[in-house]
Amino acid sequence: MTRYVIRRILLIIPIVIGVVVVVFTINFFGEGSPAVTILGTSGNAEKIAELEHEMGFDRPYIVQLADYFWQIISKGSLGNSYIYKIPVWTLMKPRILPTSVVSFAGIILAVIIGIPMGILAATRQYSVFDYGGTLLAILLNAIPNYWLALMLMLFFGVQLRWLPISGYSTWMHYVLPVLSCGLGPITSTMRMTRSSMLEVIRQDYIRTAKSKGIANRAVIYRHALKNALIPVVTQLGMQLGVAMTGAIIVETIFQIPGLGTLMNTSIAQKDYIVVQGCVIICAVLITIANLLTDIAYAFIDPRIKAQYEGMSRDAKDKRAAKKTAGKGVA
Amino acid sequence: MKRTKSILAMLMCLMMVFSLLAACGDSDDTPSGNGGGGSDVSDNGGDGGSGNDEPRILTIGVELEAATLDPMISGDLGFCMMASGVMEQLWWLDDEGNLVYGLGTGYEYNDDLTELTIYLREGVTFHNGNEWTADDLLYNLGRAAASPQYAQRVSGIDLENSYTRDDYTAVLKISSFEASFAYSLSAPIYFMLDKEWCEDVGEEGIGMNTNGTGPYILKEWNVGTSYVLTRNDNYWGETPYYDEIVIMCFAESSTRMMEFEIGTLDVVYVTAVQEVNNLQNGYYEDATNLMAPLQSAAGFVFNMRDRADMWPIELRQAIAHAIDSATIVSAVCGGMYNVASSVEPSANWAYLNTGTYEFNPDLSRQILEDAGISDFSFTVQTSASGYNVPILEAIQAQLADVGITMGIDTVDATVYRTMMVAGETVAGLAATMGGGDPGDVLIPREAGSGNSLLETSGALNDLIMAAKGESDKATRLQMYYEIQEYYHDNYLLIPIYEQTYNYGIKDYVVGFQDAINCIATPVLKAIVG
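Chains L and C are the protein sequences, given in the same order. So the first sequence is numbered by my numbering: it starts at -8 and just counts up by one. So the second sequence is numbered by my numbering: it starts at 156 and just counts up by one.
Some hints here could point you the wrong way.
[Stated by the list, open to error] Which chain L residues face chain C? A few, computed with CB under 10 Å, are given here: (1) L30; (2) I63; (3) I64; (4) G70; (5) S72; (6) K76; (7) V119; (8) S160; (9) T252; (10) T256; (11) Q260.
[What the hints assert, rightly or not] Listing some non-contacts, in silico: residues in chain C with all C-beta distances to chain L over 12 Å: (12) C235; (13) N389; (14) P467; (15) G510.
None of these hints come from the bench; they were simulated from the model. Being a predicted model, the structure only gives us computed values, none of them experimental. Every residue gets a Cβ at the ideal spot worked out from N, C-alpha and C, and that includes glycine.
From just these sequences and the hints, can you work out the full model?
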């Protein structure tokens, strides 16, 4: 299991390389240049060309790409912003935590609220809980999160004055943004849990467990839930990526300076190097989230855990076999 | 029974949650939306006029926050508002275009206009205690010369051979005389920084912190949310009224207005037409709307640099009479903008009211018929910022009425700028912003400026260069009038709108109303007690 985790962590490197290459290529071949943004109204064609040469934008694609990677490897630097002349990491550092908190907290909320609601709806199918929960889920899913965010601000911040409506200095500042970001995952988690549970509780072994006299609570939580959680956990892992990219709207509305707003501004200004830095961080975070999802599988389903360990064991056996073959039979 | 118990349990949980939230949120002590740095701003409701021992704090809500504190790079409202209290220029302009001296006390040219001597104010210190000297002035001009964006503005100065006569006198060698140069030193890019401090902290440090001479010190910068300024007790000039100023940045207009409504903000920058109407209609208690002039005029222009053949004067004339600027400004921009009537903004001291062109579609059709122009069509490009697209759509409809077909392509702002430089745009909306001197407004119109929609050539360019080089102010003024008349008579720019700043201000706020009416004077500096 440990080897499997280490191998997955090391996989982050080629994933990030791949993502950076794709983003770099898109930026390189896209229209517009940071030199135009820098020079503003004082830029004519000659000055733009001069600045592009000074900043190395007229070099071949492969040279610029190699230079970027070499800068990361040799100096550990993501470079300096073309527009602001500040290190990219300095721009990004204070923004990683707010974005992560809003995104991850939304997913945690989905787990805490969505899964129990899904279980309730499944175990009380066709009841008020089931219909009400499903209707609420569909309704909340249909509402755009920026509208929801504004309504929450208006109600809880302006009308009731219970919660602050902007900033991020205390835990209370995160309540409304997390709710705005989390309601989507809550509803989809609830519906996924419900449909998954419905499928599982109709299985023969569940009927057997009930007929043996096992308490309903034990049947649901000890036998059914674990099998129903696999697709739910998969969905939660995918939703984290959506939550991080969707956080830009929430960050803008609640004035939380996160990676989303930084990336949005940098794209508009053609500050490619900042965009690449943000993409690297997002790729790392999402990859880690997917890794956590896979680890969660191992805890939920022992067969998967055995499979991971089996993979490690197979690799060990192969290495041992190679060594023996190399030494020859005694 | 079991079901009833479950429902009751759920209801009780919900009640507990709401009770907890109610206990944590107190309407008398609404948590303010301040920054992630954890600085808690004290309750500021009514501090604007209290006059007792409580600290006087003014909280201002603006739109954008700069990613860097380097005045050579940042120029948006949030930064300029902060910088106007923390940093200073040599001088700035009043409403009549006269200099108000700051870090400088005067200047003079030698007889053959090859030297500009600038006299500095003595006894001024930066916030770190270093003294303001002529070395700092030369250093800051050198930064401007090294900046790709602003190098053109100091291109007439030979900085290598410029020198300091003493600690408070700098002599600039002039390689190419421009009368507007001394006035242009009032622009925000010439906020003076301490040379020694800049060399110590480097470019990164200049972007992350600041060290000026202004009446306020930057106490805290909560990246992405707010600037906190505290009074500089060693300031050389008039004591500022407020002890502390908090400038909070909200990209989202609704959030900004909600904070204003609940009392977090004393002053708010308003960008939505509906909010201006709400302020004027009394929706916000004890608050009013203040409209301040901005030195920006916009109009419909033609690419006369690369496509002059496409735009004979009859066609320009016909288009001018087909466009109803007043209706466009009223319908599209609501109460946000004014109707423009010249290439120079009306807030500029050299403004001449050349008048808008008469809206007369029949005349327009007649002109086209007489010129033998029929079924004329063209496409304009624009970025989606501001009111560009709705304004162009209104123009499109008005031109269609006289038989001219105009297509609209919306592109990314940088792509649009690239197309303009390359001369690929045939016509469109163009606006200029000035720093007080009419010459600044005309910079993008000079030949070689790179802006194909504004760049001029021939007689007009000669007029502009002559005006910028004229040392006598009265003569310069007449020349600027001549330039504006030339634009009007030749239909080179069809004035559409002038931008304004709109603010919501609580009635108890002291001083801000007067400060914001000073067109070019740094705002925060003007609030004195």
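Here's how the hints hold up against the structure:
no.: 1; hint: L30; in the structure: holds, 5 Å
no.: 2; hint: I63; in the structure: violated, 18 Å
no.: 3; hint: I64; in the structure: violated, 22 Å
no.: 4; hint: G70; in the structure: violated, 13 Å
no.: 5; hint: S72; in the structure: holds, 7 Å
no.: 6; hint: K76; in the structure: holds, 5 Å
no.: 7; hint: V119; in the structure: holds, 8 Å
no.: 8; hint: S160; in the structure: holds, 5 Å
no.: 9; hint: T252; in the structure: holds, 7 Å
no.: 10; hint: T256; in the structure: holds, 7 Å
no.: 11; hint: Q260; in the structure: holds, 7 Å
no.: 12; hint: C235; in the structure: holds, 15 Å
no.: 13; hint: N389; in the structure: holds, 29 Å
no.: 14; hint: P467; in the structure: holds, 26 Å
no.: 15; hint: G510; in the structure: holds, 27 Å
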